[in-house]
Amino acid sequence: MVAMDLFRSEEMSLVQLIIPAESAHDTVTYLAELGLLQFKDLNPDKSPFQRTYANQVKRCGEMARKLRYFHDQIAKAGQTPSYRPMLDRPMLDKDIDLDELESKLTDLEAELLEINANTDKLQRTHSELTELQLVLEKAGAFFSSARNAATTVQQQRADTENGSSIEEAIDRPLLQEQEMQTEPSKQARLGFIAGVVPKAKAASFERILFRATRGNMFLKQAPIEEPVIDPATGEKVEKIVFVVFFAGERAKTKVVKICEAFGANRYPFPEDPNRQWQMKSEVESRLGELQNTLDAGMHHRDNVFNNIGYNLEQWTVMVRREKAVYHTLNMLSIDVTRKCLVAEGWCPVSAKPKIQDALQRAAYDSNSQVNTIFQVLHTKESPPTYFETNKFTNAFQEIVEAYGVGRYQEANPGCFTIVTFPFLFAVMFGDWGHGICLLLGALYLVLSEKRLGKQKLGDIMEMAYGGRYVILLMAIFSIYTGFIYNEFFSVPFGIFGGTAYRCPDPAYSNDACPMASTSGLEKYRSDPYEFGVDPVWHGSRSELPFTNSLKMKMSILLGISQMNLGIVLSYFNARYFRSALDVWYQFIPQLLFLNALFGYLSFLIVLKWCQGSKPDLYHVMIYMFLSPMEDLGENQLFMGQTYVQIVLLVVAMVAVPWMLFPKPLILRKQHIQKMQGRAYGVLGGSDTESTDLEVDGEHEEEEFEFGEVLVHQMIHTIEFVLGAVSNTASYLRLWALSLAHAQLSAVFYDRVLMFAWEYSNPVIRLIGLVVFAFVTFGVLLLMETLSAFLHALRLHWVEFQNKFYQGDGYKFHPFAFKTLTEEDDM
Amino acid sequence: MGFFLISLYFVLTSLVGSLCVKVCYNKGPSTNMLNVVLVNTAVICCWLMWAIVWLAQWKPLINPVLKAEGE
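Chains as they are written, first to last, in this note's numbering: chain A, 1490 to 2315; chain B, 18 to 88.
No lab work stands behind these hints: they were computed from the structure.
Be aware that one or more of the hints could be misleading.
Unchecked claim - Dumping the calculated EDC-like pairs for lysine to aspartate or glutamate here, alpha-carbon to alpha-carbon at most 16 Å:
hint: 1; chain 1: A; residue 1: Lys-1841; chain 2: A; residue 2: Asp-2239
hint: 2; chain 1: B; residue 1: Lys-76; chain 2: A; residue 2: Asp-2000
hint: 3; chain 1: B; residue 1: Lys-76; chain 2: A; residue 2: Asp-2016
hint: 4; chain 1: B; residue 1: Lys-44; chain 2: A; residue 2: Glu-1522
hint: 5; chain 1: A; residue 1: Lys-1841; chain 2: A; residue 2: Glu-1522
hint: 6; chain 1: B; residue 1: Lys-84; chain 2: A; residue 2: Asp-2000
hint: 7; chain 1: B; residue 1: Lys-76; chain 2: A; residue 2: Glu-2019
hint: 8; chain 1: B; residue 1: Lys-84; chain 2: A; residue 2: Asp-2239
hint: 9; chain 1: B; residue 1: Lys-84; chain 2: A; residue 2: Glu-1500
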């Protein structure tokens, strides 16, 4: 028989490689390109610093840091350099050596640091000069306006003196001449400081100045229209130009200190207008020069960035890979005397030829004298679980493995989950209108998967993208179950032939039937509506009693079917692992127990439907336990039902101890026999095995604790017996969620859309339509999808998988370049 | 009887689907087997649900009682 894909995990073997030291690096690189070997850490007791290649790992880390620095710098400069197209195998690009790259990176980093330092310095000078220029301009304006005012006053005075010396002599201030004389000396003592201060601090700056000088100062300020770059921080700040006038040396020191405290930059400001003008032109020319230098510097930096950016991606990947290779080399054990490295690891048996081929190529390419030795080890250690999935099966396998990675080679629920998971989802989400909406979304994701796969998506989008095929199948099954439930946004359609019901009085049509609302319509033909639920039920008074009964029974039937599938899979497991014990003392009693009780219930449900009889199935099931001998009366469905029920009850009762006791007892017996036989049987098998290498743990004593085994079996049995009841009941969630979905969509349709449609006003109708669309999208398509998804997940993880799935394996993580991510750089 | 006729359609779907997978989407024996299992599981699930609904409506115990005007 052909083995089925995905049903059993790949056969794995533990292999040992003895690699000559000179070709070790190349060998590991080639194996990482292949990506089919999981290396075992052979030095688990050594710290990262004690390992052979710790130094190289450190160097790679340092290089990765430099590359990150370049990346940040380029991003900060707002550049998007043209990336060189990625080579498929950058490691084999022999023209770049790692040492060469390292020195190159060091040089580049030094260069970049120097450029940055120079640019910073120049930038600082530039902003200082800009501020000075502003000060000259603004403060110059104060002074010239003040001078103008002063000259006009003098002019006026002169005019008045000349014009009307006699008349206005009385008005003339008495001290004027004295004032004029003392002015120069006073001027000499009045000092001032000009500068700029951030606008936000200006008010408190003024207040403090005022207090510190006890009011003996005069502050003149003018805002700068555009924010200027602060020389110290390099940020753009809104600032004002100020000029403080004060008297005396002490006041000056105070003002200077306050300026420093407020981060106000002081600038020299000559009083003489000529010198002001001279300084202004000087500053302007220097600014121009500086700008040129800065531009040249920026140009140079951009060139450097372009050079780096062109190779950055490539270098990053290369360094990441090198680092991973050295990490892996660190896991090998080194044999100093023989100058070779020993590696152990797991690989799929089917991949052995590929691995051997890679080993040979590596040995050839690294000009090694000796080939790598490749041999298979035998071990009792459990191998990792590895499924070769494709983009379609991957998401389903992940759903299974989110619960637990399968034990090595046990039956994988994944290959049934691919269908049953979306199917159970659809049972809860049955509406083909909603299904089509979901299908459109899924189709978008699937059809643009190439484009979406390349770009970085958000968390939620990433999840939807990963599960796009799951959503696709969910949508297709939802459309199918929607047809079965006959719901299209909760509207029924009579696509598959007309309804099977008509008015008892054939003279009337269904709608005009006078008895329709009292005794109801009657079924007039033997066959029901051919496909799905008859549209006549929708909106009738007996809709809920009918659909509830249908959906409840359907949940039980589907649940029993799925659980039986689970038990059958446990048989496949038992057969595969050649455990007759599990077949006879686990699989058979479990199958009998479940079907004697709930299989029988399913049988009764179907029988009742076929007969159209009215027995109470609750009563039948309950009294099957309470008083099995009693006559069933009108609840009898078939001849001899009482006897059948007694037999089934006995079978179920027997099945419990059958599950519980034989297995531990037989295990104990086998163990005792083995212990007795050991004294004689040692010589037997060892000859043939001597050629194979043996690994530690081979001779470990098998401990056998009877009590432990018995308790384990007891727990298992109790879990199964109670689980048979509770799991069956758990499947009723299918009914509950499907009911909730149908009712919610009916409410939205009736109360929102139909309500709005009763108005003839197109605006109200439009509003109703928009609200309906939003509610349908938000509640039914998002929230209901999520809840149905989670419930389907639970039904698979718990109710289905606990029948056969151990889920205690560990996943196969081969060392492969393509799985390395950016996080590995850290 | 309609039940068996339509069930026959499901069987035919299953056969055609299995054949299609083997002929039109041939990916080697082990993958084909998985695909055949998938097709058949899907058909069985769909048939099961259809059959349940069909049987439940075959000999109904309650009749649809329409809502009176204005209800």
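ask   = Between Lys-84 of chain B and Glu-1500 of chain A, is the straight-line Cα distance small enough, at 16 Å or below?
value = 64 Å, violated
ask   = CA of Lys-84 of chain B to CA of Asp-2000 of chain A, is that 16 Å or under?
value = 10 Å, holds
inquiry  = Against the 16 Å threshold, does the CA-CA distance of Lys-76 of chain B and Glu-2019 of chain A hold or violate the hint?
reply    = 14 Å, holds
query = Taking 16 Å as the top limit, are the C-alpha atoms of Lys-76 of chain B and Asp-2016 of chain A close enough?
reply = 9 Å, holds
message = Given the hinted pair Lys-44 of chain B and Glu-1522 of chain A, is their Cα-Cα distance within 16 Å?
response = 25 Å, violated
task = Quickly compare the C-alpha distance for Lys-1841 of chain A and Asp-2239 of chain A to 16 Å and report which way the hint goes.
result = 64 Å, violated
message = What's the verdict on Lys-76 of chain B and Asp-2000 of chain A, does the C-alpha distance respect the 16 Å limit or exceed it?
response = Since the Cα atoms of Lys-76 of chain B and Asp-2000 of chain A sit roughly 23 Å apart, the hinted pair is violated (cutoff 16 Å).
query = Under the criterion that the straight-line Cα-Cα distance not exceed 16 Å, is the pair Lys-84 of chain B, Asp-2239 of chain A satisfied?
reply = Holds: Lys-84 of chain B and Asp-2239 of chain A sit about 15 Å apart, inside 16 Å.
request  = Mind checking the alpha carbons of Lys-1841 of chain A and Glu-1522 of chain A for me, to see if they're no more than 16 Å apart?
outcome  = 15 Å, holds
Checked against the numbered hints given earlier, the structure breaks hints 1, 2, 4 and 9 and satisfies all the rest.
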